[in-house]
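Asks: Kindly produce the complete structure, drawing on both the sequences and the hints.
2 protein chains.
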Amino acid sequence: MSPPLWIAAWALLLHGCAAGRAPQAPSTRNDIRDCSADPPYLPPTATNTTARLAVLRDILRTHGVHAYIVPSTDAHMSEYISERDARLGWLTGFTGSAGTAVVTRDKAALWTDSRYWTQAERELDCNWELQRTTSIESIGMWILKVVPAEGNVSLDPFLFSIDTWNSYSRALHGSSRTLLPLETNLVDQGWGDQRPPPSSSEIYSLPAEFTGSSWQEKVAGIRQRMEQHVRRPTAVLLSGLEETAWLFNLRGDDIPYNPVFYSYTLLTDTTISLFVEQSRLSVQARQSLRSGCPGPLCVELQEYGQVSAHLRRYAQGNVTVWLGTEYTTYGLYAIIPQEKLLEESYSPVMMAKAVKNAHEQEMLRAAHVRDAVAVIQYLLWLENTVPQGQVDEFSGAQRIDAFRWAQEHSRGPSFESISASGLNAALAHYSPSNGSSRTLSAREMYLFDTGGQYLDGTTDITRTVHWGEPTPLQKEAYTRVLMGNIDLSRLVFPSNTAGRTVESFARRALWDVGLNYGHGTGHGIGNFLSVHEWPVGFQSNNVPLEAGMFTSIEPGYYQDGEFGIRIEDVALVVEAQTEHQSGEKPFLTFEVVSLVPYDRNLIDLSLLSPEQIRYLNSYYERIRAHVGPELRRQRLEAAYVWLQESTEPFPVSSAGTAGTAAGLLALASLLSVLLSGLGA
Amino acid sequence: MSPPLWIAAWALLLHGCAAGRAPQAPSTRNDIRDCSADPPYLPPTATNTTARLAVLRDILRTHGVHAYIVPSTDAHMSEYISERDARLGWLTGFTGSAGTAVVTRDKAALWTDSRYWTQAERELDCNWELQRTTSIESIGMWILKVVPAEGNVSLDPFLFSIDTWNSYSRALHGSSRTLLPLETNLVDQGWGDQRPPPSSSEIYSLPAEFTGSSWQEKVAGIRQRMEQHVRRPTAVLLSGLEETAWLFNLRGDDIPYNPVFYSYTLLTDTTISLFVEQSRLSVQARQSLRSGCPGPLCVELQEYGQVSAHLRRYAQGNVTVWLGTEYTTYGLYAIIPQEKLLEESYSPVMMAKAVKNAHEQEMLRAAHVRDAVAVIQYLLWLENTVPQGQVDEFSGAQRIDAFRWAQEHSRGPSFESISASGLNAALAHYSPSNGSSRTLSAREMYLFDTGGQYLDGTTDITRTVHWGEPTPLQKEAYTRVLMGNIDLSRLVFPSNTAGRTVESFARRALWDVGLNYGHGTGHGIGNFLSVHEWPVGFQSNNVPLEAGMFTSIEPGYYQDGEFGIRIEDVALVVEAQTEHQSGEKPFLTFEVVSLVPYDRNLIDLSLLSPEQIRYLNSYYERIRAHVGPELRRQRLEAAYVWLQESTEPFPVSSAGTAGTAAGLLALASLLSVLLSGLGA
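Read top to bottom, the protein sequences are chains D and L.
At position 520 of the first sequence (counting the first as 1) the number is 520 in my numbering, and the numbers step up by one without a gap.
At position 104 of the second sequence (counting the first as 1) the number is 1104 in my numbering, and the numbers step up by one without a gap.
It should be emphasised that the hints constitute simulated quantities derived from the structure, not laboratory data.
The beta carbon of each residue, even a glycine, is placed where N, CA and C say it ideally should be.
One should not assume that every hint holds.
Claimed, not checked - One side of the interface only, derived from the structure: several residues of chain L facing chain D at Cβ under 8 Å:
id: 1; residue: GLU1339
id: 2; residue: LEU1341
id: 3; residue: GLN1398
id: 4; residue: ALA1402
id: 5; residue: ARG1500
id: 6; residue: THR1501
id: 7; residue: GLU1503
id: 8; residue: SER1504
id: 9; residue: GLY1514
id: 10; residue: GLU1579
id: 11; residue: PHE1587
As the list claims (entries may be wrong) - Derived EDC-like pairs (lysine to aspartate or glutamate); straight-line CA-CA distance at most 20 Å:
id: 12; chain 1: D; residue 1: LYS585; chain 2: L; residue 2: GLU1137
id: 13; chain 1: L; residue 1: LYS1340; chain 2: D; residue 2: GLU137
id: 14; chain 1: D; residue 1: LYS585; chain 2: L; residue 2: ASP1560
id: 15; chain 1: D; residue 1: LYS475; chain 2: L; residue 2: GLU1137
id: 16; chain 1: L; residue 1: LYS1145; chain 2: D; residue 2: GLU339
id: 17; chain 1: D; residue 1: LYS145; chain 2: L; residue 2: GLU1339
id: 18; chain 1: D; residue 1: LYS340; chain 2: L; residue 2: GLU1137
id: 19; chain 1: L; residue 1: LYS1585; chain 2: D; residue 2: GLU579
id: 20; chain 1: L; residue 1: LYS1475; chain 2: D; residue 2: GLU579
id: 21; chain 1: D; residue 1: LYS107; chain 2: D; residue 2: ASP31
id: 22; chain 1: L; residue 1: LYS1585; chain 2: D; residue 2: ASP560
Replies: Written out as structure tokens, the structure is:
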């Protein structure tokens, strides 16, 4: 799956590749605004923000602020946010997942990337300028133009990463405008009682069978990392919601698709402080956390809002606080004096969570077997119903969600299902909505990128299918995407290799004929946590690959206005068996744990090498061995038959050696003629 | 070729891989020092530094300094340095190319990487601790241990990069020790009149036929980049010696193997200041530089030592100075107020120089044809003389240097020739010396990594050969190194791809069987300039590949204590012909311009794919077409015959399809028997 946070690079690439092809607004369209018309034209999808802006501007004046910057994220740098944190959406009407708004006393502008330009023109009213870029340099230059010298440019420091804060600081440096952090959020003041209340649902302990180790073991492990670190930190500060959820084996539902809850943790060498709405903890959860009290394994429960004050007090001592800069806001970071900081990109909890232990690996494998059942049921259902023209993208998405819900331990989808037919699949980030949904057809390709949350694991898989006659380009592109998926999946590489140095193997088959895709090649994934779990993956800010990590592998190809292809599997990094071994550690390779066959109708076998076909056949054998019995157990006979047919081994001889094999055949038949002529 | 600057990553990797295998000092060895013996044992290769240290310590006291840091580079961040800049060598006796010394009032220590540990034990006396690491964190911790609180830690800011300075600053931050920059160099004070004088040889203009464009055109191009930059810089500051040499089409010989001269340039929108020892300029050079005076294309000649004062004055105005941080010292950098700086990793001159124009490409191609003649002559000479046991590594190196000198436009080797037989080739950085040189033998592999300076181009090539019976591992490893070289050379990839994302293609064939190499895969190269020309290459700090760039491609394999393999070619990035094209720009691939065949004796053809063999055959065709006529022109008939034999096409059918081909053959012969039996 390929949404917000990690798609930023994708958007940039696409933008780079397709410059000039940006969706422009012809005046005849009625789905987008036209602010140059008289009177201005607004589509029904636009939000009237005049009153909201007036309220916010009054508040700006009260605080002596000349420009206020509003981001799209929350105080935990979450990829997905709750309704309560959708400040950008409330203020602007724009509902895309990434953007930045700046409001001055008489102007308002929104910056977003190319994925969202059309959507923004549909949702913004004419109070807003749309800026078709996301560079902070550009935001800074706009601010310098509209804010008078000596003016105050303000923002909520608890909603900005350290990096982003520094970029704004650089952009305004020496300009005589002041970058003014305000701890009270001005949008929240304007939003007032219309702002959704905080979640009050229960925060619960995961049953022991669904955890890799007890929270006490995890805490001990982190404390060991602290002791072993050369800087000898006295505490670890956790801001990422997954970090606290993973550490204490707790889950909640504060954020759609992500079973996490609002919280911070300060884990010191002798104490544990969990900042959370205490009343929401289940009795069991509270008992578990308090079972070691008093003592170093006693969790002190503190109010969520107390984290800053607590940290400020703690930082007065002779301490060193270890934190991951990628998930810490500038607001929290700035509380700690520089010399008491131990900064790394990711906290030790993120690093520990990234390497799954044997039980976590088993759970993720098991979740993928049940997930494969749901996906196979969906593929079979599509085969039977698409030809009747009764399925559209939206009803399809509902159907796959329903198949997943029916599986054991299911907790629903792990992200909003991407279900895209024909040209819609060429949009990197398409999700259908009820009412504007394309009907699936045997004349078009169909791409679905979906995943599930299960108590034992999180899944994410993309398959692309065609039920009719694909064009030669569709078949070639699909086959080359598949070759890329295979080439990366079967790669053998040294321990500690960075993902970014091997992801091109997923592209080479496309590159060979001048094709490519504009997004990343994969991301980490959790055990009943985030579908995009950093820091594992193939991008430049991902950490080196180690045995026990899980990552998606998802090359694709997108033909603007025509079709889109993506083939995505989740794979576990495992030790490889090699004849030799350079270095101290075994070499690594991938074990693909997604277990759903590819569309035979779209594979041009003549492009594959014998090694690729052999790999494919052995993968299909594993699918049969693992998913077949589960289908039978669930008494899904039709799906079982479908699976057997779909995983028939491919003939190896038809690859590469085509010419020689043909020669062999011709000779053999000539021989048989001769032999029969001889009466042999 | 794979020495100092860019080998840092190599050393780290090797260290990572071979931890624990560091050469230890058994007390029975007499080639290294033994400071625990009584009296301490020093080999004859060690230098007595007691007097030098005493002098330096007196100077330290005079300046109120408690520790002084001495680096291995010069004021231009050069990879190679002149004798006059070999401060580290004079002070310590250690002659390796990378290291850092710290001297306090009663201690002295040297930090260097694993390539140099044994060499350091041979060259240091017992005044010195050897620290087997190069991390600045470790140097900082040592300093904190031995320097009292409130002490001064000093260094010459004109010998440290901005990055390195910042690292020391961080390491001492909050420690109550002061990092004190001293513009007068304390080692130079101690060295006194024993220090070699500055070079006085002539600085000359390259003849027009050997330049890609006039210096006036180059200056105009850089000024255009300044105008087009969003920050509108008013000046570009050049510290790298190659930068000034390239910009003005001037050359000198201040540094071994590198035809450059000590200089700085400040190019503003209206003026040009060249800081250089004026009396050294040839009449022609001076005329060329002054031909546009007065005016914006007039070069004002300033004394080399005036650069700081001039820059300080310039920086007082309303200016913005553009510089590349990789080649600028902290000393110069700190002169410019932060808000007047435009910092990028590489200056616009480095970026312009990296992309060769059509004439520069032609020159580099032509230099490689003549260079191939020298290398082929050497290979033939080795074949004839090695069996008699009369060649050793040192005399071999002399011989290849001589073959190069005999070629037109030759200006000698482009680096110290690496000539390594048997186990010596397993050392990444081996160069033979007269007296300690291994005899070449038909029973061992031999690796030579050499290059030439020609007026039209710089070359760099590595071939590995075996004149007898290689072991199965040698043959397999050589073939897989070759496969890696081929796979990267024939790769098709999108424009603007970073080298680091594709360099693994040079490793995969090795990885497949658990082998690898611990160094980078290639580096840029100049037109009669540096053999390691940044910022082109495959490492993480290299810039994206563009058509017109040249880079080496040099995978290898090293078996500790046994043998070493490297196959290095120089390749030009060119546009590829692809069936499709994603994005706006054509895809790219490489054209290998090194034109010397590989050792057939070491190739296991059965490992190669048909595509690899076809590539090899077409490369050999190009060698014949380009080098054959040149050999004839030079009347080198024996070499011509050798070339024809060595470039015979390989049979494609013997690869991959072995099984099928064998079947075909068997059938065909059966058929012929039958036919002859029939009297056909």
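Asks: Would you mind marking each hint as holding or not holding in the structure?
Replies: Here is how each hint holds up against the structure:
Contact between L:GLU1339 and chain D, as hinted, is supported at the beta carbon level, the nearest pair being about 4 Å apart and thus within 8 Å. A distance limit of 8 Å between C-beta atoms decides the matter here; for L:LEU1341 the minimum to chain D is near 11 Å, and the interface restraint is violated. The interface hint given for L:GLN1398 is violated, since its Cβ lies 34 Å from the closest Cβ of chain D, which is over the 8 Å cut-off. For L:ALA1402, the shortest C-beta to C-beta distance to chain D is roughly 37 Å, which exceeds 8 Å, and the interface hint is violated.
Contact between L:ARG1500 and chain D, as hinted, is supported at the beta carbon level, the nearest pair being about 6 Å apart and thus within 8 Å. Using the Cβ-Cβ criterion of 8 Å, the hint placing L:THR1501 at the interface with chain D is satisfied: the shortest such distance is roughly 5 Å. For the restraint placing L:GLU1503 at the interface with chain D, the shortest Cβ-Cβ distance is roughly 7 Å, inside the 8 Å limit, so the hint holds. A distance limit of 8 Å between C-beta atoms decides the matter here; for L:SER1504 the minimum to chain D is near 5 Å, and the interface restraint holds.
For the restraint placing L:GLY1514 at the interface with chain D, the shortest Cβ-Cβ distance is roughly 3 Å, inside the 8 Å limit, so the hint holds. A cut of 8 Å between beta carbons decides the hint on L:GLU1579: the least distance to chain D is about 5 Å, and the hint holds. The interface hint given for L:PHE1587 holds, since its Cβ lies 5 Å from the closest Cβ of chain D, which is under the 8 Å cut-off. Between D:LYS585 and L:GLU1137 the CA atoms are separated by roughly 26 Å; this puts the pair beyond 20 Å, and the hint is violated.
Pair hint L:LYS1340 plus D:GLU137 holds up; C-alpha atoms about 17 Å apart against a cutoff of 20 Å. Between D:LYS585 and L:ASP1560 the CA atoms are separated by roughly 17 Å; this keeps the pair inside 20 Å, and the hint holds. Among the hinted pairs, D:LYS475 with L:GLU1137 is inconsistent with the structure: their alpha-carbon atoms are about 55 Å apart, more than 20 Å. At most 20 Å may separate the alpha-carbon atoms for a hinted pair to count; L:LYS1145 and D:GLU339 meet this at roughly 18 Å.
Of the supplied pair hints, the one linking D:LYS145 and L:GLU1339 holds, its CA atoms being roughly 18 Å apart against a limit of 20 Å. Under the criterion of a C-alpha separation no larger than 20 Å, the hint pairing D:LYS340 with L:GLU1137 is consistent with the structure, at around 17 Å. With a CA separation close to 42 Å, the supplied pair L:LYS1585 and D:GLU579 exceeds the 20 Å bound. At roughly 15 Å between alpha-carbon atoms, L:LYS1475 and D:GLU579 fall within 20 Å of each other, so this suggested pair holds.
For the hint pairing D:LYS107 with D:ASP31, the CA-to-CA distance comes to about 24 Å; that exceeds 20 Å, so the pair is violated. Distance restraint check for L:LYS1585 and D:ASP560: the Cα-Cα separation of roughly 17 Å lies within the 20 Å cut-off, and the hinted pair is therefore satisfied.
When each numbered hint is compared with the structure, violations occur for hints 2, 3, 4, 12, 15, 19, 21.
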